[in-house]
Amino acid sequence: MLSLLLKSMRSRIIPTSLVTISLMASMVLLLSIERIQQGAEEGFNQSISGVDAIIGPRSSSLELVLYTVFHLGRPTNNITTKTIDDVKQRSDISWLVPIALGDSHRGYRVVATEPNYFKHIRYGNNQPLTFSKGVPFAELSEATLGSDVAEKLNYSVGSEIQITHGSIESLGSKHDDFSFKVTGVLNKTGTPIDQVVFLDLKGYELLHLGWKSGKKVFSLEDIDLSSLPPDALNPKTVTAAFVGLKSKLTIFNFSKNIREYPEEAISAVIPGIALSELWSIVGLVDKGFQLLSWIIIAISLIAMVTLIIASLDNRKQEMTIYRANGASPKFLAAMVIYESLVIGLVAIIGAIILVTAVTYFATNQLNLALGVSPSFKWISLNEIKVFSIILLSGVLSGLIPAAMVFRKNLHQALS
Amino acid sequence: MLQTLGLEYHYQHGKKIVFPEIEIERGQRLLISGFSGCGKTTLLSLIAGALQLQVGDIKFDDQDYTSMSSLLLDRLRANHIGYIFQTLNLIPFLSVSENIGLGIRFSQSRKSRVGNLNQEINRLVDSLGLDKEVLNTPVNRLSVGQQQRVAAARALLGKPDLILADEPTSALDSDTTKKFLNEVMETFDASKQAIIMVSHDASIAPYFDSVIDFNKHYA
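Chains A and B, in that order, give the protein sequences. This note's numbering numbers the first residue of the first sequence as 70 and each following residue consecutively. This note's numbering numbers the first residue of the second sequence as 5 and each following residue consecutively.
Just chain B, same shape as in the assembly (with noise of 0.2 angstroms):
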């Protein structure tokens, strides 16, 4: 589904990362591991199309990120990638639900898999082992355990073909992240989507089919 093709990526203050060739089809899992500051939220704004190539070239299915223009990279993240941050994924002044809606707003083909939105929020919070309670709480008021469940559900909602996450669970503690990482993966639909996280702790390799590791790529 997608494919790095001799990614290379020159910061403006000099630094240089060649990035190891990434392939990775429906229904898989990658983990991208390394030490902070080796590229990999890079490597996802690239993948992300949020940020231009400078060297090489990155296949989805069959369009070339190279030969497109901006605006057809912001459609294809809208219709194909759901993204998961850090943290700060929530928007303060939305409700919980809203802030899930967001994920298939800009989409019409996210939103036309969709059949009735409040049922598959509802389904996505109940499978990600939130309370429906946590709909009608203001957003500030939610631990970051359940933002994080919050934004993975505007995350696969709408079943995007590729979920990014960059560190969702370094805010998380260890007990947490288990819980986190069950539950997005029990969720996730292994016939049509695939999934790249990348963290520094890989203690969680265990729930991916297959490990990227920066730092031996370097070494």
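One chain only, chain A, in its complex shape (with noise of 0.2 angstroms):
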């Protein structure tokens, strides 16, 4: 029978392979968004990696992963640099880097912290931050960049740099009394660390030397820099710090004592926690794109319906003959059945092969353009529970040109 239904096939190859290719088309969307989706989404969650606890003034955990991860937003308070040495004496503690935030360069947010930020802060999958160009900064004079800051403003190793004070350039917010001389630029990574201008926190404490309530009260090109004490340019207050435990099995206890510290309400998020909720919300765009894709494939089941049950007057010299030779109703039926079951094996093998060869050939260039990954694989068991139901489906409609076949009686079919 299959033979002899692949040569029937064959017969009508022109519109069997288009609406082949229909059903193929919607299936490569919808594996696509699914695919992107997941990419996104584990692209997002490891915005940051390698940080087990963010430390922040107590607020909600979204608005700490904002705005010291993605850097929106500001920050509504600061720590105190005590409190930042008191957690730090703490021994269940790896590592711990400061940040500060608040001020930008040409729209570019700046971070400042301390040049063990590039040793400990890791994006993806764990991936070590690492320098197309030069080294992290050593001085307090000197900045480091992200790829993108590099390539949009075309800064390299070398250039001078002046801060912003706020987020928007305006009027005498400028620090340029001070420039600073990029050192380094680091690889791309696809997270918002490409996006970030990185100082030294003494480098940044000593801009807001002569600065009181945002206002400029007198000029450092007045001031001469040895001359000042060893310690006055350690920073009073931080924005947030991130953390390395020695074993995560203490994040619980490490954050519920965070939030119990009682000199000043700070608290300690779990970044990929923080992340997931974060997506939630985020994610609720494809679930839209995943219902359209899912239009379509009805859309192209119908029209694979509509093909069988046109080309069933074409094909009735067909059936009558296999009909007048002793095949049961049930042997036509089963060949319409069959043939709704062969477009849509063909189409979903013919999507898995194209969307895993594009993911396969362009997972660089996707992620360089949109920091997204998709991960590459044949099929995942998600996938083929959809691919069931399509496949279902598409056989349960061909149910209905079989069902037509099935009753129409051979004397109809011999006169």
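What you were told as hints is all true, and nothing was included just to trick you.
Computed list of lysine to aspartate or glutamate pairs in DMTMM-like fashion (alpha-carbon distance at most 20 angstroms, straight line):
#, chain 1, residue 1, chain 2, residue 2
1, A, 385, B, 102
2, A, 271, A, 183
3, B, 163, B, 190
4, A, 76, B, 102
5, B, 163, B, 124
Some chain B residues flagged as far from chain A (calculated, every beta-carbon gap over 12 angstroms):
#, residue
6, 139
7, 177
8, 186
9, 190
Rather than coming from a laboratory, the hints here were simulated on the basis of the structure. Even glycine gets a Cβ: it sits at the ideal position worked out from N, Cα and C.
Once you've looked at the hints, go ahead and assemble the two chains, each given alone in its own frame, into the complex.
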């Protein structure tokens, strides 16, 4: 029967392959949305890696993640350096990197931190930050750039930059009395890190030396830097701190202790949990896309049924000859159902091969362009489920023309 | 072998036909002649088990059609009956030999009567006066005469007990008709098979043992 069916389908190759292609295209759409969404979610959840907790002023964990990881919005409060030093004393801590936020450079956020930021902070699947040019800053007058900043603003090692107070450039807000020298540029990560100007905390403190309540009181040009006492540039407050623990098992105990810290209202969030919380809000958009591609699949299935029904009239001769030679109506109905099965299977296999090939060959481009790396794999359990549903509904919709064939009695066909 | 008992058929549009009684034994060749629309094709469909009996019965050997399900009738048709249409006998996307092979595709018993399929197809094609090259020619390049011979080869393959032929010569000219009937009658195995042909062409009567004229029946 299969060879008969395949020959019959081959004789109707153009309409049959058009329907197969349209079904395949809609499944490619569904698969791509699914995989890009997964990639985006993974990428999103891996915006920061290697960090066990983020300590900041007490606020919602979403808020804290938004400004420390995505550099969106502004911190409402700072925490004192004394608190940070206390936390640092804890025996369960492996490392701690404080950051201060608030300034910017031509629209890119400034993150003031310590040079060991580049050693401890990771991205993606625990990948370390690497440099495309130069080295991390070591002096208070040095800066390190994320790859997008360097690329868009055409900076390289040795460029001099000035920082703007706050996140928007406006008159008189510029720290134009002090310049930073770029020492290094990071490789692209596909995370918010690419859009950051990194400064030394002490340099950041120095910038604000002459400032009070957001206004410049005196200029740095009048000050002899070497005359400053050595601890004058130690920051009094920072915005937040990234923490690595010796053992991840202690994380809940750690965050409980931080919440109960008596001297200041601080909290610790676990980035993975906060990020997936955030994704559950952001991710709603692609639920919509998914619905859309299911609708497209439904339309393609309708097209398939229409094609088969339309072809039945042309195949009257074929069907009649089978029947006259003793084929039962069951045989003819089965042929029609198998046809939808074959179309469905070919479309599914084609879609899997196409999408897999694209993700295999274009992963790097996608990653660089969107920061999304669709995971390379043949098929996931969820996709098998989806395809089974499609195949099943394809066969079920094949029942309509099959019933039409079944009901037609042979005499109508013979005469 | 086959006997009809008081067959009547009522069409949906109200027309009613009372068929003459028909009885045929193996080795017999029966021609049913009559003008178009007198119910010849309906009678063949009833005998083929393709149309449900309304009044009367048909006996095939010791089986009653009225007591058989449509599935059993399909099986009876597959095992015992070869059918030749007026035209459009062949499936265009199959080769000539695949078209002939369809004759035994749905029947184990007919399959078992054919030893070597290719040999048997060659024998039939040869006996029906077709060139061997025909087997490799696309179906749509065959002449109508050739097509009807291929259809006859299919109906004869595996030696079904009864050949039903519905105006197989109506699209052929008189010379080709003669040749076609000569060859079919020669290939037909008179020791095992019977043939019922319907035709409006009374001139082919000499090829048959008996003739039932529907026109006379109604007269």
